[in-house]
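Student: Okay, here's what each chain looks like letter by letter:
There are 2 protein chains.
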Amino acid sequence: MSAEVEELLKRFQSMKNITGIVVIDNDGIAIKTTLDYNLTLHYAALMQTLREKARQVVLDLDATNEFTFLRLRTELHEVMLCPQEDYFIMVLQTPSD
Amino acid sequence: MSAEVEELLKRFQSMKNITGIVVIDNDGIAIKTTLDYNLTLHYAALMQTLREKARQVVLDLDATNEFTFLRLRTELHEVMLCPQEDYFIMVLQTPSD
Numbered sequence: 000m001s002a003e004v005e006e007l008l009k010r011f012q013s014m015k016n017i018t019g020i021v022v023i024d025n026d027g028i029a030i031k032t033t034l035d036y037n038l039t040l041h042y043a044a045l046m047q048t049l050r051e052k053a054r055q056v057v058l059d060l061d062a063t064n065e066f067t068f069l070r071l072r073t074e075l076h077e078v079m080l081c082p083q084e085d086y087f088i089m090v091l092q093t094p095s096d
Numbered sequence: 000m001s002a003e004v005e006e007l008l009k010r011f012q013s014m015k016n017i018t019g020i021v022v023i024d025n026d027g028i029a030i031k032t033t034l035d036y037n038l039t040l041h042y043a044a045l046m047q048t049l050r051e052k053a054r055q056v057v058l059d060l061d062a063t064n065e066f067t068f069l070r071l072r073t074e075l076h077e078v079m080l081c082p083q084e085d086y087f088i089m090v091l092q093t094p095s096d
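Residue numbers (numbering that gives the first Met the number 0), protein chains in the order written: chain A, 0 to 96; chain B, 0 to 96.
Derived by calculation from the structure, the hints in this document are not laboratory data.
Every clue listed holds true.
For chains that are exact copies, the list does not tell them apart, and a pair is met inside one copy or across any two.
Subject to a maximum C-alpha distance of 30 Å in a straight line, what follows is the list of computed DSSO-like cross-link-like pairs (lysine-lysine):
#: 1; residue 1: 31; residue 2: 9
#: 2; residue 1: 15; residue 2: 52
#: 3; residue 1: 31; residue 2: 52
#: 4; residue 1: 31; residue 2: 15
Bound-form chain A, shown alone (with noise of 0.2 Å):
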């Protein structure tokens, strides 16, 4: 997993306006974050929650089917979430205006 996660993590932090990113196991446990250590247990708590959703939603209307990412806008800023198989990408970004 280890390279593939660098390999990833690189890809997110070239891009613009990144305020944060937490790699997040199936457990819902950060295995990786450039957030402080409460803001990471509350992001992964919570996104671990909203991936599982998106995933139940979207095998409940086709289960051939499968949830690639994911893209919360909300008034501040943007969430970004990338599932592997393992693991998923948390991917914070501050919209630029």
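Starting from the known structure of chain A, arrange chain B on it as the hints suggest.
Tutor: Positioned in the frame of chain A, the structure of chain B alone reads:
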């Protein structure tokens, strides 16, 4: 609400590769749809749960923040959720290769 919904619908309908649009109220009831009856029911119920989860996750991280747009990419198509006060719009798009 009506003129505002019509305006949003027009904007989405002018986008490329749109295969379905459903307007769903806060109880998960489809109030406007371009899909058939069964698909509409299925999408409305599931997307309402996804919208609610996204809303909760964003509020839980920051009670002053608000979820404004969600894009879910899957192997087969993309789903966009555009929340408004009393309803939300779901747009299904088939990605162009």
